[in-house]
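Listed here are the chains, written in short residue letters.
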Amino acid sequence: MIPFIVIAALKVVFIFGVILSLVPVLIWMERKGAAYIQDRRGPNRASILGIRMGGVIHSLADALKLFTKEEIAASSVSKPIFYIAPMIAFFVAIVIVGVVPFAEPVAIAGYEFTLQIADLNAGLIYVFAMSSIGVYALLMAGWSAAGKYSMLGALRAAAQMISYEVALGLSVVAIFLLSGSLRLQDIVFDQGALVWHWNAVRQPLAFVLFIAALFAETNRLPFDLPEGESELVAGYHTEYSSMRFALFFMGEYTHIAVGSLIIATLFFGGWQFPFIDASIIRENINNIIIFGWPVAGIMALIFGWWLTTKFRRRYKDLRDFEPLVWGVPIMLFAVLLFISWAGLISRGYLDSIPAEVGDIAVFLIQMGTLLAKAIFFCAVFIWVRWTLPRFRYDQLMNLGWKVMVPLGVANVAATAAVMAFY
Amino acid sequence: MMEAILFYILASVAVIAALLVITRANPISSALMLVVCFLASAGIFAMLGATFLAVLQVLLYAGAIMVLFVFVIMLIQTDPKDLKKRQMTFGKLLGAAAAVYLAIVLGIAVWRPPFIAAPQAGEAFLTPSTIGHQLLTTYVLPFEILSVLLLIAIIGAVVLAKKKI
Numbered sequence: 000m001i002p003f004i005v006i007a008a009l010k011v012v013f014i015f016g017v018i019l020s021l022v023p024v025l026i027w028m029e030r031k032g033a034a035y036i037q038d039r040r041g042p043n044r045a046s047i048l049g050i051r052m053g054g055v056i057h058s059l060a061d062a063l064k065l066f067t068k069e070e071i072a073a074s075s076v077s078k079p080i081f082y083i084a085p086m087i088a089f090f091v092a093i094v095i096v097g098v099v100p101f102a103e104p105v106a107i108a109g110y111e112f113t114l115q116i117a118d119l120n121a122g123l124i125y126v127f128a129m130s131s132i133g134v135y136a137l138l139m140a141g142w143s144a145a146g147k148y149s150m151l152g153a154l155r156a157a158a159q160m161i162s163y164e165v166a167l168g169l170s171v172v173a174i175f176l177l178s179g180s181l182r183l184q185d186i187v188f189d190q191g192a193l194v195w196h197w198n199a200v201r202q203p204l205a206f207v208l209f210i211a212a213l214f215a216e217t218n219r220l221p222f223d224l225p226e227g228e229s230e231l232v233a234g235y236h237t238e239y240s241s242m243r244f245a246l247f248f249m250g251e252y253t254h255i256a257v258g259s260l261i262i263a264t265l266f267f268g269g270w271q272f273p274f275i276d277a278s279i280i281r282e283n284i285n286n287i288i289i290f291g292w293p294v295a296g297i298m299a300l301i302f303g304w305w306l307t308t309k310f311r312r313r314y315k316d317l318r319d320f321e322p323l324v325w326g327v328p329i330m331l332f333a334v335l336l337f338i339s340w341a342g343l344i345s346r347g348y349l350d351s352i353p354a355e356v357g358d359i360a361v362f363l364i365q366m367g368t369l370l371a372k373a374i375f376f377c378a379v380f381i382w383v384r385w386t387l388p389r390f391r392y393d394q395l396m397n398l399g400w401k402v403m404v405p406l407g408v409a410n411v412a413a414t415a416a417v418m419a420f421y
Numbered sequence: 000m001m002e003a004i005l006f007y008i009l010a011s012v013a014v015i016a017a018l019l020v021i022t023r024a025n026p027i028s029s030a031l032m033l034v035v036c037f038l039a040s041a042g043i044f045a046m047l048g049a050t051f052l053a054v055l056q057v058l059l060y061a062g063a064i065m066v067l068f069v070f071v072i073m074l075i076q077t078d079p080k081d082l083k084k085r086q087m088t089f090g091k092l093l094g095a096a097a098a099v100y101l102a103i104v105l106g107i108a109v110w111r112p113p114f115i116a117a118p119q120a121g122e123a124f125l126t127p128s129t130i131g132h133q134l135l136t137t138y139v140l141p142f143e144i145l146s147v148l149l150l151i152a153i154i155g156a157v158v159l160a161k162k163k164i
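From first to last, the protein sequence lines stand for chains P and Y. Heads up: the first sequence runs through residues 0 to 421, numbered per numbering that gives the first Met the number 0. Heads up: the second sequence runs through residues 0 to 164, numbered per numbering that gives the first Met the number 0.
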């Protein structure tokens, strides 16, 4: 028997690893998205031996730069608070993921296993509690830096986050009423696999309020007044450099990733695959593997072939060979898939697949579904950022207190009334 | 064993943070230390099995009320050097007397055996729905009186802040 604590530690490492590796991808998505929205090509210069991966290497270059940069702190800063603030910013962004369920519970080799770090009764309240702690990071950063811009940014951030926390909390009360539980796993089970039972369809107003308040909580455009570069240089992190700045930067993208996971879990059925229940996948696992295997091979073959056709002698150096470096191995992998498929079929291994394989397949499909939904919402975050202009501060406060809070209360009252009378 | 170690860590963090609240000259540091104290006590709640209470402690006290405190202190921007020199006042004498009284009561409580282990949180306080049920049935009168009290506080704040209503 593997002790409970080892499994818990492995889960923590795995989930945090997934979220952390999403961060550079999100930064790349942000740059590319911005570029295409503004009719540019975006990052495409940094390369390792000619391999550019469409600009992903830029994220790596940035990380290296930030790690090796000199750390500067003005002599007037309040040292301990100045140093702790970025850690809190990153910490609260990443601990929220602890209650997100990535798949339904499976029993593997006698273990009841859920890919969720902590299954709290008060799951969603925990999310709010942690994100409310995040205000301190901004306040402490802005105050301890002892600069006018930082201070103003911190005050704006605090006022904004406190205001929108109310709307954020109110918007999900209707969801609690529907599912009768605060546990995220219960909320996901309550929504089921049918798309019209998802909370985004049953509670469209709550969804709109939640996503707007989440934009405010993550300090993204159109709510990025705390940073407001045209007025405040960079707001609360003006005085930070090197990795301390990077922690704020990573914290922002982690917050987006985790926020997207929460949106997907609350409003878009979490790990539920649209229209296809997990039991259907389990029953038909034989057919899925027998037909899915060659289909994956064909897709890999087409993708690899498409990449290799991009090969041209354009730069007259290593960069020209990048399509081949990716395309040829993908095609070889496709061939490997075909051969292994034919081999397994002819030996009859695929006729009787043990039930565990079905469980694992369901597990992987559900995790992939949740991550796909989350990445979709990350893309929405990026899309909105490069489309909408920034609010004025009075508009921000009016929207928060005079529009979103009354709408949230009305939504809760209406949902409660409907549930009480039907 | 593990629980005892965790308890002593959390308890000592809470006590040290509480001491720092009253000894720091800088009001911001005091307020932040109070937050640490709240977080540590939330940890103790969680250890007793009352996760909902722990999370609410973080959300309401550390995450909402103290944020406003810190916010206001930052707006006022008192320089620690400008704070008044410590001097003996009636309020301080009263505070000292209260502290001595508290110490005596605590001393009596600590010296009187036997110690009993803190009970796990009862079933009635574990889940949000049971807590909500209790609040709206058994404790409905205190609950409503509290909401009136908060309303009075809000009206008072508005009256104080607005010259003309």
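None of these hints come from the bench; they were simulated from the model. Each hint should be verified, as a subset may be incorrect.
Said to hold, decoys possible - With a cut-off of at most 30 angstroms between alpha-carbon atoms, the simulated DSSO-like pairs for lysine-lysine come out as follows:
hint : chain 1 : residue 1 : chain 2 : residue 2
1    : P       : K64       : P       : K78
2    : P       : K31       : P       : K309
3    : Y       : K91       : P       : K147
4    : Y       : K161      : P       : K401
5    : Y       : K162      : P       : K401
Said to hold, decoys possible - Distance windows between CB atoms, simulated:
hint : chain 1 : residue 1 : chain 2 : residue 2 : range
6    : Y       : L145      : P       : V383      : 50 to 60 angstroms
7    : Y       : V99       : P       : E70       : 43 to 53 angstroms
8    : P       : L9        : Y       : I4        : 35 to 45 angstroms
9    : P       : S20       : Y       : N25       : 37 to 47 angstroms
10   : Y       : L150      : P       : E355      : 57 to 67 angstroms
11   : Y       : I151      : P       : H196      : 36 to 46 angstroms
12   : Y       : T136      : P       : A73       : 56 to 66 angstroms
13   : Y       : E2        : P       : L19       : 47 to 57 angstroms
Every residue, glycine too, gets a C-beta built ideally from N, C-alpha and C.
Against the structure, the hints:
The suggested pairing of K64/P with K78/P holds, with an alpha-carbon distance near 24 angstroms, which does not exceed 30 angstroms. Annotation: proposed proximity of K31/P to K309/P holds, straight-line Cα distance about 20 angstroms (limit 30 angstroms). Among the hinted pairs, K91/Y with K147/P is inconsistent with the structure: their alpha-carbon atoms are about 36 angstroms apart, more than 30 angstroms. At most 30 angstroms may separate the alpha-carbon atoms for a hinted pair to count; K161/Y and K401/P meet this at roughly 19 angstroms.
Under the criterion of a C-alpha separation no larger than 30 angstroms, the hint pairing K162/Y with K401/P is consistent with the structure, at around 22 angstroms. For the hinted restraint 50 to 60 angstroms between L145/Y and V383/P, the CB-CB distance of approximately 40 angstroms leaves it violated. Our hint of 43 to 53 angstroms for V99/Y and E70/P holds, since their Cβ atoms are close to 48 angstroms apart. Between L9/P and I4/Y the Cβ separation comes to about 23 angstroms, which falls outside the hinted range of 35 to 45 angstroms.
For the hinted restraint 37 to 47 angstroms between S20/P and N25/Y, the CB-CB distance of approximately 40 angstroms keeps it satisfied. Taking the beta carbon of each, L150/Y and E355/P are about 59 angstroms apart, inside 57 to 67 angstroms as hinted. In this structure the supplied range 36 to 46 angstroms holds for I151/Y paired with H196/P, their Cβ-Cβ distance being about 44 angstroms. About 57 angstroms separates the C-beta atoms of T136/Y and A73/P, a value consistent with the hinted range of 56 to 66 angstroms.
The hinted window of 47 to 57 angstroms between E2/Y and L19/P is violated, with their beta carbons roughly 31 angstroms apart.
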